[in-house]
Amino acid sequence: MSCMENGLVISHKKLGRDLYEIEFIAPRIAPCCQPGQFVHVKTGGTMDPLLRRPLSLYDVDEKLNSITLLYKVVGKGTELLTKIKVKENINVMGPLGKGFSLGDYKSVLLVGGGVGIAPLIYLARVLRERGCKVTVLYGAARSEELVAFDRLRSIGVELMLATMDGSAGYKGLVTELLYDKINPHDIEFIYTCGPEPMMVAVKDYADKYGIKGEVSLEENMACGVGACLGCARKLKPEDDHYVKVCKDGPVFSMADIK
Amino acid sequence: MSCMENGLVISHKKLGRDLYEIEFIAPRIAPCCQPGQFVHVKTGGTMDPLLRRPLSLYDVDEKLNSITLLYKVVGKGTELLTKIKVKENINVMGPLGKGFSLGDYKSVLLVGGGVGIAPLIYLARVLRERGCKVTVLYGAARSEELVAFDRLRSIGVELMLATMDGSAGYKGLVTELLYDKINPHDIEFIYTCGPEPMMVAVKDYADKYGIKGEVSLEENMACGVGACLGCARKLKPEDDHYVKVCKDGPVFSMADIK
Amino acid sequence: MTRAENKLNENDLDISVNLGGLILKNPVTVASGTFGYGMEYEDFVDISEIGGVIVKGTTLEPRSGNPIPRIVETPAGMLNAIGLENPGIDVFLRDFLPYLKEKGVTVIANIAGNTIEEYARIAAKIENSEGIAAIELNISCPNVKKGGLQFGTNPDTVKEVVEAVKRETSLPVIPKLSPNVTDIVEIAKAAKAGGADALSMINTLMGMAIDIKNKKPVLANIFGGLSGPAIKPVALRMIYQVYKEVTLPILGGGGILDYKDALEFIMAGATAVSIGTGNFVNPCLALEIVEGIKKYMVQENIKSISELVGAAVIK
Amino acid sequence: MTRAENKLNENDLDISVNLGGLILKNPVTVASGTFGYGMEYEDFVDISEIGGVIVKGTTLEPRSGNPIPRIVETPAGMLNAIGLENPGIDVFLRDFLPYLKEKGVTVIANIAGNTIEEYARIAAKIENSEGIAAIELNISCPNVKKGGLQFGTNPDTVKEVVEAVKRETSLPVIPKLSPNVTDIVEIAKAAKAGGADALSMINTLMGMAIDIKNKKPVLANIFGGLSGPAIKPVALRMIYQVYKEVTLPILGGGGILDYKDALEFIMAGATAVSIGTGNFVNPCLALEIVEGIKKYMVQENIKSISELVGAAVIK
Ligand SMILES: Cc1cc2nc3c(=O)[nH]c(=O)nc-3n(C[C@H](O)[C@H](O)[C@H](O)COP(=O)(O)OP(=O)(O)OC[C@H]3O[C@@H](n4cnc5c(N)ncnc54)[C@H](O)[C@@H]3O)c2cc1C
Ligand SMILES: Cc1cc2nc3c(=O)[nH]c(=O)nc-3n(C[C@H](O)[C@H](O)[C@H](O)COP(=O)(O)OP(=O)(O)OC[C@H]3O[C@@H](n4cnc5c(N)ncnc54)[C@H](O)[C@@H]3O)c2cc1C
Ligand SMILES: Cc1cc2nc3c(=O)[nH]c(=O)nc-3n(C[C@H](O)[C@H](O)[C@H](O)COP(=O)(O)O)c2cc1C
Ligand SMILES: Cc1cc2nc3c(=O)[nH]c(=O)nc-3n(C[C@H](O)[C@H](O)[C@H](O)COP(=O)(O)O)c2cc1C
Ligand code: FES
Ligand code: FES
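Chains as they are written, first to last, in my numbering: chain A, 1 to 258; chain B, 259 to 516; chain C, 517 to 831; chain D, 832 to 1146.
Heads up, some of the hints might be wrong.
As the list claims (entries may be wrong) - Pairs of lysine-lysine, DSS-like flavour, derived with a Cα cap of 25 Å:
| hint | chain 1 | residue 1 | chain 2 | residue 2 |
| --- | --- | --- | --- | --- |
| 1 | C | Lys760 | D | Lys1091 |
| 2 | C | Lys732 | D | Lys1126 |
| 3 | A | Lys83 | A | Lys14 |
| 4 | D | Lys1046 | C | Lys811 |
| 5 | D | Lys1126 | C | Lys819 |
| 6 | D | Lys934 | B | Lys334 |
| 7 | A | Lys258 | A | Lys247 |
| 8 | B | Lys272 | A | Lys83 |
| 9 | D | Lys1047 | C | Lys831 |
| 10 | B | Lys343 | A | Lys83 |
| 11 | D | Lys1091 | C | Lys729 |
| 12 | B | Lys341 | B | Lys429 |
| 13 | D | Lys1091 | C | Lys819 |
| 14 | B | Lys461 | A | Lys76 |
| 15 | B | Lys343 | A | Lys72 |
| 16 | B | Lys345 | A | Lys85 |
| 17 | D | Lys1044 | C | Lys811 |
| 18 | C | Lys619 | C | Lys641 |
What the hints assert, rightly or not - Here are some of the chain D residues that sit facing chain B, going by a computed Cβ distance under 7 Å:
| hint | residue |
| --- | --- |
| 19 | Gly867 |
| 20 | Ile913 |
| 21 | Gly1059 |
| 22 | Gly1123 |
| 23 | Tyr1127 |
| 24 | Val1129 |
| 25 | Glu1131 |
No wet-lab data here; the hints were simulated from the structure.
Ideal Cβ placement from N, Cα and C applies to all residues, glycine included.
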């Protein structure tokens, strides 16, 4: 069940330039969450901006019933979000969308770029709790942007980093690590979230080695629940119908996209 | 000279229910201020609300070059204003409008109701500094709303209070004090600001005893500088032309109004 | 009589309305295209309590809608160019309507055609099924090439299309007027002449946004329909104008975000209101507005909502 | 060639524009009725640096304007019903124009008449004085009973009024189109047929607000003109439509609040822009937008602003 809830903010920190982490108690939403789902957030109390903003579940604390989001300030909605203080409320709708499938895999690969790492953290934790071996390729422009590093370490994943400026890990695109460092025969499934060119490269890799996988897509949203048809998208150019990223996704099978 | 300036907020306190006092440094505006003038305030950073809000100069610190405003939260603009924190900026245009005339009086009367006391504080201080005897009638609904009490005391005025519930001073309308407590022959000039019925009662009193005086009026404003003609008002019903409250006022002679 | 005795109880209130034969239990509906087929919001709100659910615009044949991007936020509003993506009337009646019927929802169909003939055929299909309380005629959708806007901007066609639909159905017929016209009263009169039972107004204003980075229109369709609080003043003005001149009940909407907005519409002449973009901001809005209106009525000692309809109109 | 060499200097930029014979040193003007007679803002900004100052709408005789309230804020906008309060053309020319001339301001008059004859007479008076660079014809003010709106909504009258004014003046004549019409292109074509040198668009959308406490319209005039960011999408759409169909330079405005908005208008087809309600939010806006446009041009290596006009229009 999804619902709308005013979450009590218990922590709100700046993690790096333009990157923030906010945690709030959401007793009705938190128990229903799955990795890959998102919440639809009212970022301010006025009509500007008018619409909610979709943000992935970065993690969920099942004991506290809290939800944590990782967000990057890119425009006025996320800018306003930074003003919400601890002890204030954040209004969210959730959990929304279709999350990642959680097959009975022994070893999977996660590839995250920039703030696209967000849904992969929650996923990695849940997969680890199910005893799955999780390898994570995590890329960003600079080392300061690898803000999920500590979480990934504490989750206990095999972690490889890439930065464009070489300030941490491999110097270059995170997808270049795929061919250098990953043995495709060790991997049963690939999950990826990040900039579209990155995800395309991950899909190419998966296709090449016949590995199945899932991607998390983004599209501008109004309703977030499948009612407005605003977040439509053709998964393949030749498709004659549109999917709704908010409801049919945001997670889609790599087999379905092109 | 007026200008637009980003003032650094150095103090922002809640004085009572819905009543706030904000002080900010305004090196270009502060030196040009006169009692009765106002600043036009951008209450938030977004398009909602879109327009500025006029607020009277509550006091000006000529040494610090700071301006203090007293405001009541009545709607979304003033509500947003409460969110501005110390060390942040407040964007204001000012000083605007025509302030109180400062004749060479020996003894004057000030009558303020509610948040209408704001411009009278600055006026009282300046008049006292010129050696004028200042009597102030100050009314509000309840004693907690008499938030300018301490300032008035420190300015050194003869002060009489009225509250509707009798929790401080006279129980009833502040204008009832006029006839009970004020000797019209002691008063050379009357200044008043507050709810319109109060100001009308003050004018009636002034007319009755042939005392001159000034009122500070309010009207919804867009530009605040006389450009939009939105704050127009007929001072007397029979007038065939409109004055601009922002530019020709907000202070008007009692003789001109009805 | 003391004040306490005088005070109305919420249960004494009469908030049901009659919109040209369409009886709504309360005056708050959700607008077409903003509430899907109801089920999308079932987790958030008891959709059967909403005055009426106007489902997504439906055409004779399925439509896949416009290319993307289809939406963009604007100051206090949004533009949409969905292009009437829908599965067609047959699929709607077969797959979606039963759910709504079972839930006890007051369903209002919203139909659009490429030709007058198509409007009539959809209406006939609706007439032959059960569970729809009224038909809203979308003669004003700015996002489809054929049909759509031009129907709504020409008084003669408005009259014709209403007549054609009326011939096929016994349900209340509620044409939805386009605000993109010089004289809304003329269009409203034409709708009345065609036999309209009520008027729905307003649909979106035609607008656009430019992507300055890529130097092109943001929407793939170039133009889109502007909705949300930004258009509220225009909606109120048109409803006020029509209320004064045309004696048909009005379903008013355009930018409603709270019960005070809803009261503005009612006082300007709307018998009932519709919530569109507001649903995206707050999926519980329709019912919150019903509550807000009730509280207001108790406070103001107003027993029947009908006392408020047109209360601000200066005759 | 290195990047540094390639980079334009702000001084190399050509930001002057030709608006049907009216030469502006930069493409940013301030809109009529929102900047008084310039002097109201002289403390805040060097008004001679603004591309053009369009002064408050002027009529043949003085007008005292509408009763109050005249303005009300709306979501991302405002309604005004000033009612063309102004001292009349003679007083304007005698008392206000000399100040503007002395300051070196590029002055554009904005005129309104009750009859076509009146428009012509005001234009003749302007022709006989000096210091006015162009005439904007307000054929679209929704706030006056006679004249005003009806001129702007009928193509025949639009043509006639432009012709009548053109006969009396050698200055560029720029009719200001009303957005409250079904077909803006038809009106633009009529203006062109009448001899217009450029088009100004858009004036305000007609709207209203209701005071639910007192159950009456907020504005004494009932209706008012909606301006501000709320109307930006509608303004852009109309400019885009007209740019595609009518070969006249456009002075575009409606809701501009920053240089990005201004670029949207230019890319939609406006040769120059006008800032209205934005002046109330930020009295320095016009010049800040000029600076913003210059920075953008340097960044994007665009030498002449004309390269951007209509850049987003898909032919
Ligand atoms: C399912 C989903 C999950 C997401 N999860 C995260 C996350 O965990 N962390 C994070 O930082 N960001 C995430 N995003 C992107 C995030 O929604 C946008 O960055 C955000 O909406 C920008 O809002 P703004 O007002 O700051 O920017 P503006 O640019 O001012 O926004 C303007 C409009 O564009 C839309 N928009 C802008 N960027 C995007 C985008 N990338 N995707 C979709 N809509 C966009 C906004 O929703 C808004 O309608 C996610 C997006 C989707 C669809
Ligand atoms: C010259 C002048 C000096 C003022 N000085 C003070 C002061 O020192 N302290 C103080 O608390 N208030 C003062 N006011 C009133 C203050 O401007 C309003 O309370 C404030 O604008 C309300 O804004 P809001 O967004 O909170 O309320 P909303 O009701 O949301 O405002 C909606 C609109 O109404 C206008 N408005 C609402 N109330 C008033 C009002 N009383 N006067 C004028 N416009 C109004 C707003 O400007 C806005 O355009 C003064 C008004 C004027 C004209
Ligand atoms: C995403 C979206 C889709 C819409 N689809 C339809 C539709 O299919 N049929 C229709 O008549 N109106 C449609 N509309 C218009 C709304 O029903 C409503 O009339 C309009 O949005 C104005 O109301 P609002 O400001 O409350 O949103 C749509 C609006 C939006 C925002
Ligand atoms: C208070 C006010 C007064 C106006 N007076 C006039 C006028 O006298 N003549 C005119 O042609 N337009 C007038 N307008 C319209 C503006 O010039 C401008 O076209 C309109 O406000 C849209 O632009 P904006 O959204 O940038 O404000 C007025 C607008 C406002 C807000
Ligand atoms: S955002 Fe409305 S359907 Fe996806
Ligand atoms: S507020 Fe614009 S003239 Fe006074």
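**Report entry** Violated constraints from the hint list, given by number and in increasing order
**Finding:** 1, 5, 6, 12, 13, 14, 22, 23, 24, 25
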